[in-house]
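Asks: Read off the chains here:
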Amino acid sequence: MNAVHALGSEFQKVFTTRMWWLIAILLVAYVAFLAGGFGAFLGWTIENPDAAANTGNNTQLPPGMRLAPLLYSFASSIGYVFPVLLGALAVTSEFRHKTLTPTFLAEPHRSTVLGAKFVSQLIAGAGLGVIAFATSVATGAAALAAFGLDTELDVSDTWALIGRGVLAMALWGTIGVGLGTLVTNQVAAIVILIAFTQFVEPILRLAASLNEVTAQVGQFLPGAASDALVGASFYSIAAVGSSESLDWWQGGLVLLAIGVIATIIGGATTWRRDVT
Amino acid sequence: MAAGIPIEISGLTKQFGAVTAVDDLSFTVEPGRVTGFLGPNGAGKTTTLRVLLGLVRATAGTATFDGKTYHDLERPLETVGAALEADFHPGRTARNHLKVAATAAGLPAGRVAAVLDQVGMTEHADRRVGGYSLGMRQRLALAYTLLGDPGVFVLDEPINGLDPEGIKWIRGFLQALAREGRTVLVSSHLLSEVSQTVDEVVIISKGRLMKSGTLASLELDAAPRTVADSPDRPALAAALDAAGFAYTEGRSGFIVDNPDPGAVGHAAFVGGAELSALHRLKSGLEESFLTLVNGGEHE
Chain A
1 MNAVHALGSE
11 FQKVFTTRMW
21 WLIAILLVAY
31 VAFLAGGFGA
41 FLGWTIENPD
51 AAANTGNNTQ
61 LPPGMRLAPL
71 LYSFASSIGY
81 VFPVLLGALA
91 VTSEFRHKTL
101 TPTFLAEPHR
111 STVLGAKFVS
121 QLIAGAGLGV
131 IAFATSVATG
141 AAALAAFGLD
151 TELDVSDTWA
161 LIGRGVLAMA
171 LWGTIGVGLG
181 TLVTNQVAAI
191 VILIAFTQFV
201 EPILRLAASL
211 NEVTAQVGQF
221 LPGAASDALV
231 GASFYSIAAV
241 GSSESLDWWQ
251 GGLVLLAIGV
261 IATIIGGATT
271 WRRDVT
Chain G
1 MAAGIPIEIS
11 GLTKQFGAVT
21 AVDDLSFTVE
31 PGRVTGFLGP
41 NGAGKTTTLR
51 VLLGLVRATA
61 GTATFDGKTY
71 HDLERPLETV
81 GAALEADFHP
91 GRTARNHLKV
101 AATAAGLPAG
111 RVAAVLDQVG
121 MTEHADRRVG
131 GYSLGMRQRL
141 ALAYTLLGDP
151 GVFVLDEPIN
161 GLDPEGIKWI
171 RGFLQALARE
181 GRTVLVSSHL
191 LSEVSQTVDE
201 VVIISKGRLM
211 KSGTLASLEL
221 DAAPRTVADS
231 PDRPALAAAL
241 DAAGFAYTEG
251 RSGFIVDNPD
261 PGAVGHAAFV
271 GGAELSALHR
281 LKSGLEESFL
291 TLVNGGEHE
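Heads up: the protein sequence lines correspond to chains A and G, in order.
This note's numbering puts the first residue of the first sequence at 1, with every later residue one more than the last.
This note's numbering puts the first residue of the second sequence at 1, with every later residue one more than the last.
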């Protein structure tokens, strides 16, 4: 019963400040820009191969590459930062605004509170996933349709990809909770999140793909695991991704393990500290 | 309403690294009375309250509510209402802060409107807390304590930041709670702030207990002294030295450790020092409080 109360309280915390819709708006804008923009650009290169070649860019898609899943997967392949951010802020804002005091007065069992945060951010992440895929499918399919290309919305594989993508976004939410408990300083957590997802991991994935041994390791990087779970990513055509990839369920387990382990370590350390 | 139960602090010690914030502290707070928990800033009041509420782990000793730690209370918000430093998320409204807590504690949603009304915050309830004055935050913190209609109240500096009207209001409020048989523990660094409200005092300094008893007993503790001043202070000092009196020099003259103005006047006469003031120092609560508190600091 207490766990249910704690979960309800965590959801109220998420939805009673403006942060969640700020994050949702940024997510929609970012995904719409890339899925729609990239879709329009690729549609144009297919329609005008000569003009595209003249730009000097090698924009030729690998043969047999399916465009629709690629565009739709922008929701998770670039949008995954947002559920991590929401999850991390759910923890760090309690430290920053010292609201841990009223939180732990209402529920003195700290592990119950942390468990509620984990589950609430799993669900909130899934919610952001639904928003992100609705955006990427709407804008991506519109771009494809405008150039008379196949939107593949009648293919069950497409919907399976979307489902796996929503699951990936949910798991990223829990990784955010783990990050927040490990790095309780809000600014530090945000800086680490941006630096890791935008610079460190892409470089590591590129570097790892250069060698067969490191490629085996590289597929366990969280972004690579997430792309493996979803099953499509712009990384595969941007040629920075490793050719090695986990099975979708393995990718999911890697994400889940990162979220659980980070939260447990944080729960055993910062979360147990004196609240002064 | 939950029944008032005693708060028991026993042999409590808390060290933060090399600093001992609370040092072997023991006292009991009984229901039906308002107890002032007094001491200067940094005396260890807030640390003691945070240990009591399970937010800070004690190095040694226990702090319980009728034998149970806060962590072990089955329904904490319905047993203890606590207001510490008034910290809220600035982007959340007062009503939503209370809803978040009410949900976590499994309290009926109707309690939120009821307590907002009780502290007179209904008209401001849907504003974000970031724009609140300190006084409004204090009222919101009080509303939080009332959510579970508990039998025990633990309030850290609740009067700080209130306007005179607010102070009058909270005095009546705390006394009403105590009259209903609840336990009320109120901390303050100013005795004058709570002397019209409290029945009992617990005074600490440097983490140690200086005094625990009724407010009236504190008044009796103050040893009366004499104030004497002279246009020629060195001459008066020499006269007091000659008579063997201990004294300290203050702004309004010498404070002599002797209750009898006659004896001090005689010493001045004998020493040939002209007196411009001679009277008994009114031994007030504040005086007695400061003596206790400074006594702790000199050790």
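Don't read these hints as lab results, they were simulated from the structure.
The beta-carbon is built from N, C-alpha and C at its ideal position, and this holds for glycine as well.
Careful, some of the hints might be misleading.
Footprint (simulated), chain G over chain A, 3 or more residues, beta carbon under 8 Å [what the hints assert, rightly or not]: (1) 6 to 12; (2) 87 to 98.
Not close to chain G: a few residues of chain A, all C-beta gaps over 10 Å, as computed [to be verified]: (3) 101; (4) 104; (5) 106; (6) 194; (7) 198; (8) 204.
Cross-link-like lysine to any residue pairs, in silico, SDA-like; alpha carbons within 20 Å at most [stated by the list, open to error]: (9) A:98 to G:286; (10) G:68 to A:98; (11) G:168 to A:109; (12) G:168 to A:2; (13) G:206 to G:90.
Asks: Work down the list of hints and note, for each, if the structure agrees.
Replies: These are the hints, each one checked on the structure:
With a cut-off of 8 Å between beta carbons, the segment 6 to 12 of chain A has 4 residues touching chain G; three or more are needed, and the interface restraint holds. For the segment 87 to 98 of chain A, the assignment as covered by chain G holds, since 3 residues bring a beta-carbon within under 8 Å of that chain's beta-carbons and 3 suffice. Not every C-beta of chain G lies more than 10 Å from that of residue 101 (chain A), the closest at about 6 Å, which undercuts listing it as non-interface. The claim that residue 104 (chain A) is not at the interface with chain G is violated, since a C-beta of that chain comes within 10 Å of its own (minimum 6 Å).
Listed as a non-interface residue, residue 106 (chain A) fails to keep its Cβ farther than 10 Å from every Cβ of chain G; the least gap is roughly 4 Å. Chain G leaves residue 194 (chain A) outside its interface by the beta-carbon criterion, the shortest separation being 22 Å against a cut-off of 10 Å. At roughly 26 Å from the closest C-beta of chain G, the C-beta of residue 198 (chain A) stays outside 10 Å, upholding its exclusion from the interface. With 10 Å as the threshold on Cβ separation, the claim that residue 204 (chain A) sits away from chain G holds: the shortest Cβ distance comes to roughly 36 Å.
For the hint linking residue 98 (chain A) to residue 286 (chain G), the alpha-carbon distance of about 33 Å lies beyond 20 Å, and the restraint is violated. Using a Cα cut-off of 20 Å, the hinted pair residue 68 (chain G) and residue 98 (chain A) is violated, with the two alpha carbons roughly 26 Å apart. Annotation: proposed proximity of residue 168 (chain G) to residue 109 (chain A) is violated, straight-line Cα distance about 37 Å (limit 20 Å). At most 20 Å may separate the alpha-carbon atoms for a hinted pair to count; residue 168 (chain G) and residue 2 (chain A) exceed this at roughly 38 Å.
Of the supplied pair hints, the one linking residue 206 (chain G) and residue 90 (chain G) is violated, its CA atoms being roughly 33 Å apart against a limit of 20 Å.
Violated hints for the displayed structure, listed by number in ascending order: 3, 4, 5, 9, 10, 11, 12, 13.
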